[in-house]
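Q: As given, the protein sequences belong to chains A and B, one line each in that order. Read in order, the letters of the first sequence are residues 1 to 944 in our numbering. Read in order, the letters of the second sequence are residues 1 to 177 in our numbering.
Treat the hints with caution; some may be incorrect.
[Unchecked claim] Partner residues are not named here, just some residues of chain A that face chain B (Cβ under 8 Å, in silico):
1. 512
2. 515
3. 516
4. 520
5. 523
6. 648
7. 649
8. 698
9. 745
10. 746
11. 757
12. 764
13. 765
14. 766
[What the hints assert, rightly or not] Capping the alpha-carbon separation at 27 Å, the derived lysine-lysine pairs in DSSO-like fashion look like this:
15. B:159 with A:749
16. A:611 with A:459
17. B:159 with A:700
18. A:700 with A:720
19. A:454 with A:530
20. A:454 with A:495
[What the hints assert, rightly or not] Some, not all, of what chain B presents toward chain A, calculated at C-beta under 7 Å:
21. 59
22. 62
23. 65
24. 69
25. 73
26. 83
27. 86
28. 88
29. 118
30. 176
Calculated from the structure, these hints are not laboratory results. All figures in this text were calculated on a predicted structure; none of them were measured in a lab. Every residue, glycine too, gets a C-beta built ideally from N, C-alpha and C.
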Amino acid sequence: MEEEEESILNEFLVECAEGLERLDQEFVALEQDPSDTALLGSIFRAVHTIKGTCGFLGFPKLESVAHGAENILSAMRDRDLEVSSDGITILLEAVDVIKEILEHIESERTEPDKNYDAVRQALDDFLAGGGSSSPAAEVSPAETSPEPASDAPSEEEAEALAKMMADEPSLQSENQETPGEEASISAPETSDSELSEVDDDLLNEFLMECGEGIERLDQEFVALEASPNDPDLIGSIFRSVHTIKGTCGFLGFPKLESVAHGAENLLSAMRDKSMAVTSDGISILLDAVDNIKEILGHIEAERREPDKDYSEMRQRLDAFLASGESGVPAASATDPSSATHAAPTETSAETAPPKPASPPPAADNKPANPAAASSAAKKPSIAESSIRVDVGLLDKLINMVGELVLARNQLLQQVRQQVETSPSNASNGTVQQINLITTELQDTVMKTRMQPIKNVWDKFPRVVRDLAKSNGKEINLVMEGAGTELDKTLLEAIKDPMTHIVRNAADHGVEMPEVRKERGKPVKGTLLLKAYHEGGHIIIEISDDGAGIAVDRVKNKAVEKGVLTQEMADGMSDREALNLIFHPGLSTAQKVTNVSGRGVGMDVVKTNIEKIGGTVSMSSRLGEGTQMRIEIPLTLAIIPALMVTSGSEAFAIPQASLLELVRVDEESRNKIEVIRGANFYRLRGVLLPLLSLNEVLGLKEPVPDEDEIHSSGTNIVVLKAGHHSFGLVVDTVNDSEEIVVKPLSRQLKDLSYLAGATILGDGRVALILDVMGLAQEGNLTGEEHHDPGLLVEANALQDEEHSETMILFSMNDADQYAILLSEVARLEEFDVDKIEQSAGQDVIQYRNELLPLVRLGDAIGVMTSGEEHDRIPVIVFSHHGKSIGVIVGRIIDIVEAKMHLHAAPSEKIGVKGSLVIEGKTTDLLDIEQLIGCVVPGWMEALAA
Amino acid sequence: MLTETEEVEREGERREQGAGTPDHGDRRIATADRRHENNRQYATFFLDTHYLGVEVENVQEVFTAKEMTPVPLSSSMVAGLINLRGHIIMTIDLRRRLGFEDRPPESEVMSIVVRTSDGPVNLLVDRIGDVIEVRPDLFESAPATLEGRLKEAIDGVYKLEGSLLLALNTELASEVM
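Let the sequences and hints guide you as you build the complete structure.
A: Here you go:
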């Protein structure tokens with residue numbers, strides 16, 4: 001029993017959660033269009049369901065709040081109360097309270113101890129103060145102390161009835177007439193099929209809900225007959241019928257409502273034990289259910305009620321109720337016409353036990369609504385055509401399809417080999433077919449995990465509304481492509497990042513109305529959410545027409561926070577600067593609000609999106625608005641990947657992060673530059689950092705003898721990791737393949753370069769590389785790429801015959817000098833007019849310090865050309881935290897050269913010797929000695 | 001990626017293990033308790049000169065070790081990954097895990113796949129022995145003088161005639177440090 005109760009409670013919670021999710025959105029929509037009665041009806045229903053159900057389950061606090069909200073809604077629906085922004089605000093607050101209570105119930109199984117009387121009071125006050133003719137009279141006595149169902153069933157029933165009367169005032173006795181004002185308000189002119197799309201959705205949803213309930217009803221009635229004293233069962237039946245009744249009123253189905261209402265009355269009598277549960281009673285109820293099914297079938301096919309008259313079914317129900325239980329068996333047994341109505345549909349014939357009184361030949365029934373019958377045959381009903389499936393089951397299915405894809409790949413490989421040896425292989429055709437079917441199966445199964453992005457977006461109207469309200473802004477949220485579907489896991493993953501972006505846009509993007517007016521923009525700001533497919537990716541754009549982002553401010557902030565130097569900031573493009581927004585610890589919001597502006601957001605957004613293989617970028621025009629663009633893959637379970645081999649192991653690289661493939665021949669190998677052990681490749685003029693997979697992962701280089709052709713060239717896989725790209729050097733590039741991502745043991749999750757593993761066509765396991773992680777593993781993290789300098793420690797001169805990396809530069813184009821790169825801290829370029837004088841020494845403000853400058857030309861006594869330029873190159877040397885800059889003419893290159901050092905031709909100061917680099921005699925400078933000469937005491941000061 | 005899927009798989013595997021194997025933390029205690037009620041069955045194997053065993057119900061299967069894919073940068077105890085009928089399973093070299101010397105090259109290697117709370121794990125051993133039944137009264141907790149890594153991974157020792165059987169705790173032994 002307890003278990004059953006638990007399941008009822010869970011069901012209730014799920015139902016409520018579904019309803020509440022919609023509520024926020026609907027309220028906001030209602031605020032925009034207060035005259036939308038269908039919407040109001042839908043909101044009312046959701047609140048009503050919560051209220052109705054929690055009474056049975058014994059949650060008085062929840063009920064009280066829900067009831068208060070319902071009263072206001074009911075007044076709004078009856079036009080007694082205007083749909084105002086204030087009203088919606090107070091209702092939204094009530095919804096929040098309901099959510100809070102429900103959360104507590106979910107975790108603790110009881111209501112919170114907190115007192116919610118104040119909330120209820122506020123709702124009632126609002127109603128009393130705002131509504132002209134509030135239904136307070138019916139409401140106030142009952143709801144203040146509702147009792148749990150088990151304690152006082154009769155009292156509770158009375159209350160429920162009172163509520164029903166309050167909810168559907170016109171229904172009580174007039175079962176024939178269209179239920180007056182209420183129905184006509186909520187569903188204007190439903191008599192014809194002129195239902196708007198929203199109404200249609202609403203209707204479908206209603207039909208589905210009803211369908212689910214009714215399926216259960218048959219079964220439950222039968223169970224009830226066996227154990228007539230099971231209060232839970234009656235409760236459950238009552239709820240289902242009550243839902244149908246409650247809803248059809250709004251949708252304008254008077255006949256359906258009438259029958260349902262009759263049945264509900266009967267059930268309610270049974271529930272409070274004022275009437276015994278008898279077999280006859282159940283029979284007549286089953287008849288009513290069959291009638292309801294029939295009407296629903298018609299509604300589904302025709303979008304309206306059948307023309308047939310159902311008043312007589314209602315009369316039978318009422319008569320049965322009036323006569324207690326005695327007189328009625330006769331009615332159901334003798335009245336032939338009632339039997340006709342009661343004709344069960346195919347489903348009920350299967351599930352309901354045979355009742356001697358009711359089942360007439362089905363043929364009697366069919367002609368009454370031929371359209372319903374024929375269309376029902378054509379397509380399955382909505383309730384039948386959609387089912388709820390456990391996500392676990394779907395995952396299992398996807399796993400199995402994954403296996404199948406692997407097996408297919410293996411099969412294809414084998415057949416390909418066979419075909420090579422004996423081309424007349426007959427099985428080839430079959431294999432191709434299996435190939436096709438598998439692909440299709442894979443696609444279809446993948447679709448089962450797909451959910452519309454709407455599921456995430458639904459909460460944004462509320463978020464934006466609340467933000468706009470509290471900031472005094474006006475924002476219009478437009479959503480395009482809400483039906484775009486993506487994998488459930490991905491949907492979960494983008495939820496928080498998207499919320500953050502939307503909040504940011506509403507909070508900081510859109511300006512205050514006065515400002516907007518001043519700038520000649522419409523007072524109401526627009527926030528546009530857009531989702532669409534593009535080449536295997538889902539693109540989500542979030543754009544606002546707000547103030548845009550001031551690039552200068554971002555740069556200043558970055559410099560202020562020490563993320564960049566002023567020089568770096570100056571040399572940065574607007575686009576690069578905008579991307580600083582994603583840098584941890586940067587927020588340009590001038591004031592920190594309680595929502596955003598703490599500067600912890602955007603970098604998290606970026607990491608979260610990159611975690612699922614997506615990218616995020618932004619563009620902004622000052623004064624015109626900002627646009628964020630999120631790109632994410634469609635699914636994660638099966639992905640296209642490029643297979644490569646390195647160190648005789650196979651690796652898979654997700655296609656999503658692949659930019660291009662480059663093969664460098666032996667002849668053009670010199671295009672690979674080496675800067676202090678780090679390799680770079682000049683790809684269309686841009687230096688691309690190179691990582692060797694063998695080196696990063698510590699793999700063994702393949703023995704070169706077996707495949708001379710391969711080893712003579714270099715394979716570079718150009719990958720993008722966030723905003724940076726790098727080249728991955730691998731031994732061999734193989735085919736592109738669809739691979740199934742398999743999870744790894746928990747113990748291997750720490751390896752950042754590893755995204756998972758997959759099984760190859762030949763059954764071997766291959767590792768899937770995580771491109772971001774790989775970049776980290778190879779120390780190619782973000783900022784260092786903006787940094788033109790090379791952070792290296794000063795190193796002593798090594799063995800003279802060794803190769804060394806050095807910087808080549810010239811003073812006046814005629815000469816060439818070299819400095820060991822290991823002695824250099826970084827290379828910079830400074831504006832000439834930034835150079836200042838301090839104590840007779842040239843200095844420049846650099847990284848919050850004064851950097852003394854030395855003109856190399858003066859030191860070694862040569863003319864320096866290039867001084868007429870605005871910017872001059874400076875080589876910075878560091879020693880124990882102190883730096884000095886050396887102004888040179890022009891930096892030529894960074895090269896690696898053998899240290900064939902010739903003795904210096906003359907006793908030049910500060911020259912270690914000469915060597916020949918690229919056919920040119922080059923002086924290798926001894927920088928310590930030079931500096932010691934020019935700035936006496938600098939070195940000593942350091943030593944001391 | 002795909003943590004949900006993984007959870008489901010594990011759930012399934014846990015169910016497969018049946019009621020006899022409670023979760024993770026309790027297992028060591030639970031097995032020790034039960035040991036006093038009945039004789040226990042151990043699947044035995046050899047590592048170097050040592051005789052070890054794992055409880056039969058924790059063993060999924062035994063086979064000659066197959067080729068595996070190494071996992072670069074992982075612990076040296078991780079021998080690699082194998083494909084076991086579509087499942088990718090981590091392989092632990094038990095010699096390294098328990099602090100033994102590496103086995104001489106070209107020597108025979110066997111695989112024992114054991115079930116753990118983190119899914120199946122493949123253990124590399126030298127040689128497979130028989131399945132034996134041991135009496136609970138022969139059990140003794142691990143001698144204090146045993147070398148650290150080995151001592152941590154065993155439940156205790158069965159004093160058999162002529163030899164000692166080290167009762168391996170699969171849960172702990174599959175934990176890579």
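Q: Interface hint check: residue 516 (chain A), Cβ to nearest Cβ on chain B, cutoff 8 Å. Holds or violated?
A: Cβ of residue 516 (chain A) sits 44 Å from chain B, so the hint is violated.
Q: With chain B as the partner, please determine if residue 648 (chain A) meets the hint condition of a C-beta pair closer than 8 Å.
A: 10 Å, violated
Q: Holds or violated: the hint that residue 73 (chain B) contacts chain A, with Cβ atoms closer than 7 Å.
A: With Cβ-Cβ at 6 Å, under 7 Å, it holds.
Q: Straight-line Cα separation of residue 159 (chain B) and residue 749 (chain A) no greater than 27 Å?
A: 39 Å, violated
Q: For the pair supplied as a hint, residue 454 (chain A) and residue 530 (chain A), confirm whether the alpha-carbon distance does not exceed 27 Å.
A: 11 Å, holds
Q: Given the hint that residue 700 (chain A) pairs with residue 720 (chain A), test it: the Cα-Cα distance must not exceed 27 Å.
A: Cα-Cα ~25 Å, so holds.
Q: Does the closest beta carbon of chain A sit nearer than 7 Å to the beta carbon of residue 176 (chain B)?
A: Given a least distance of 5 Å, the restraint on residue 176 (chain B) holds.
Q: The hint names residue 649 (chain A) as touching chain B; please verify it with the least Cβ-Cβ distance against 8 Å.
A: Since the shortest Cβ distance to chain B is 6 Å, the answer is holds.
Q: Could you check if residue 745 (chain A) really has its C-beta closer than 8 Å to a C-beta on chain B?
A: With a minimum Cβ separation of about 4 Å from chain B (threshold 8 Å), the hint on residue 745 (chain A) holds.
Q: Using the nearest Cβ pair, does residue 764 (chain A) come within less than 8 Å of chain B?
A: 6 Å, holds
Q: Given a cut of 8 Å on the nearest C-beta pair, is the interface hint for residue 746 (chain A) held or broken against chain B?
A: Cβ of residue 746 (chain A) sits 5 Å from chain B, so the hint holds.
Q: Under the criterion of a CB-CB separation shorter than 8 Å, is residue 523 (chain A) in contact with chain B as hinted?
A: Constraint on residue 523 (chain A) not satisfied, violated at 46 Å.
Comparing the model with each earlier hint shows violations of hints 1, 2, 3, 4, 5, 6, 15, 17, 21, 22 and 23; every other hint is respected.
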